[in-house]
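Undergrad: Here are the chains, one letter per residue:
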Amino acid sequence: MRFNVQENSGKSDGLCPEESRRAEPFEPMRTPSPVAATSILKLVNIRFSYRGGDPILRDVTLTVTSQERVGIIGPSGCGKSTLAKVITGFEMPQEGQVLVDGQVLPRRGFRPVQLIYQHPELAVNPHWQLGKTLAEAGDFPQKMLNKMGIDPAWLSRWPNELSGGELQRFCVARALGAQTRFVVADEITTMLDVITQAQLWEFLLDVCNRHNKGLIIITHDHNLARRICTRISHFDDLSSATDITGRNATAHTPLHELRE
Amino acid sequence: MTERPNSFALDNRAELHGADTYTRVFAINKRTRTLILLAFFCFLIAAVMIAGFVMDPQAYGPNYDLKRQMPSLNHLFGTDYLGRDMLARTIKGLSLSMTIGLVASLVSAGIAVVLGIASATLGGITDRFVNWAVDLAMGIPHLVLMILISFMMGRGLTGVVVAVAITHWPSLTRVIRAEVLQLRGEPYVKVAQALGHGSLWIGARHILPHVLPQFLVGLILLFPHAILHEAALTFLGFGLPFDQPAIGSILSEAMKHLSTGMWWLAFFPGLSLLIVVLLFKALGENLALLTNPHSFHT
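For the record, the sequence lines run as chains A and B. The numbering of the first sequence is this note's numbering, which starts it at 1 and goes up by one. The numbering of the second sequence is this note's numbering, which starts it at 1 and goes up by one.
In short, the hints are calculated from the structure, not lab data. What you are looking at is a predicted structure, and each value in this text was computed from that prediction instead of being measured. Where is the CB? At the ideal position from N, CA and C, for every residue including glycine.
To be clear about the criterion: a stretch of chain B counts as covered by chain A if any three or more of its residues have a C-beta under 8 Å from a C-beta of chain A, and this derived list gives those stretches:
(1) 178 to 192
(2) 195 to 204
On the chain A side, residues computed to face chain B include the following (Cβ under 8 Å):
(3) 89
(4) 123
(5) 136
Chain A with its partners taken away, still in its complex shape:
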């Protein structure tokens, strides 16, 4: 039995009430973004350890342009997710800097590098209907939501009424605001079925290509990486000095472009 407070099935546009009242939603995906030029993300000698522990990342260096799709592959526990958090400013490195176009990541305000989590169910507020979660990141045009496979009715649902794949679409959409220059995808499709995986990647790649956003893909899945990445780096351990763009990286033409 469900105990929904709000009756919401009858609404035509399916948006939550405060959403639908808004006059003219601007469309971040179609307006040419002010920083549509190619951006460069640089990690300079990053060193990071969790409180008092041994360093997880030591002297990690990485350069990514917004036209690239870099795959980072490594075994469990090698520091991939920590790297993702450091790149996106969720954790502050003890040494080194994360630079976007020469600027240090802002501590306040919108961060141009956005993280998509592995577990979407933890990344949305359980007390919010999903329309509100989406609105937190700005306004998204209906067309984009359709393309992502987000059913308008989902906007008035609670997070525990949707599956992981459905929630992950919201998390992906949320990270793709107009100001986003780079997206770090931390095993975002690991727990999804293959059809949903394909749909999500299709969409993500499309948006990133069209709006010149760089992608950093953290995964265990070699086939996935081979298919979508322009560059793949393998790691055993990020706690020894590593230049991700250096010798470990393999330039790579993604299968998905070969096919086209």
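Assemble chain B onto chain A, guided by the hints.
TA: Chain B in isolation, oriented as in the chain A frame:
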């Protein structure tokens, strides 16, 4: 008859379907039931409080013609050795006790919120100080601390209110601190930061709505504690004077007359106190049920 389909199977299904819609229309779901209960409890409590305030002092004044009456239809709770109607005294007493409880739990919950949030968000030395204060306050036997404070404040109404108000915050402080700490680590709060929202925005939209139910439930569950402690203080002689009909002083006075066989002096006021406390407890627990998303949206 005419609208029924011919096929037997279809007929059966139609009936099942009918029964289903019937229950759906007329059944009251858990949420509604809880809301009705809440409204009923609130009504009872408000009725007692208001009745106590607007009561004519004559109603609980002495009447020397009707001393030591057993409970009867005229005097449901009986009368005492001065001929005072115990029902009126009990209502007046409960009303006073509940007012004290309300003030005390509001002040305590206020302290708890401020300390809990400060300790969770500021961290460092503030956090250590608050934890130390919580341990300190919890370490001293509660009743002894309250007697001490009440005595220092010169007993009476002020003594009781201050003593009860400033000793009930430690456990709620811990709850709120833990809640805020946990929320600050939640991925969706971190995402909100990454999306450029300030700490005030996040505090108001993400954290406060999560803490508010805890706060309200904590507030209401403090209430019975506060009332019981007020009664205990007065009963022990460190609280309100005897001429003020609070539930504690009524019970304390009744104790002296138990041996003369006037059982109703202690029985009915004691029972009323118990019922009020249970009402508040049920109120708090139902509210907790209502505000916990996992109990309703699954």
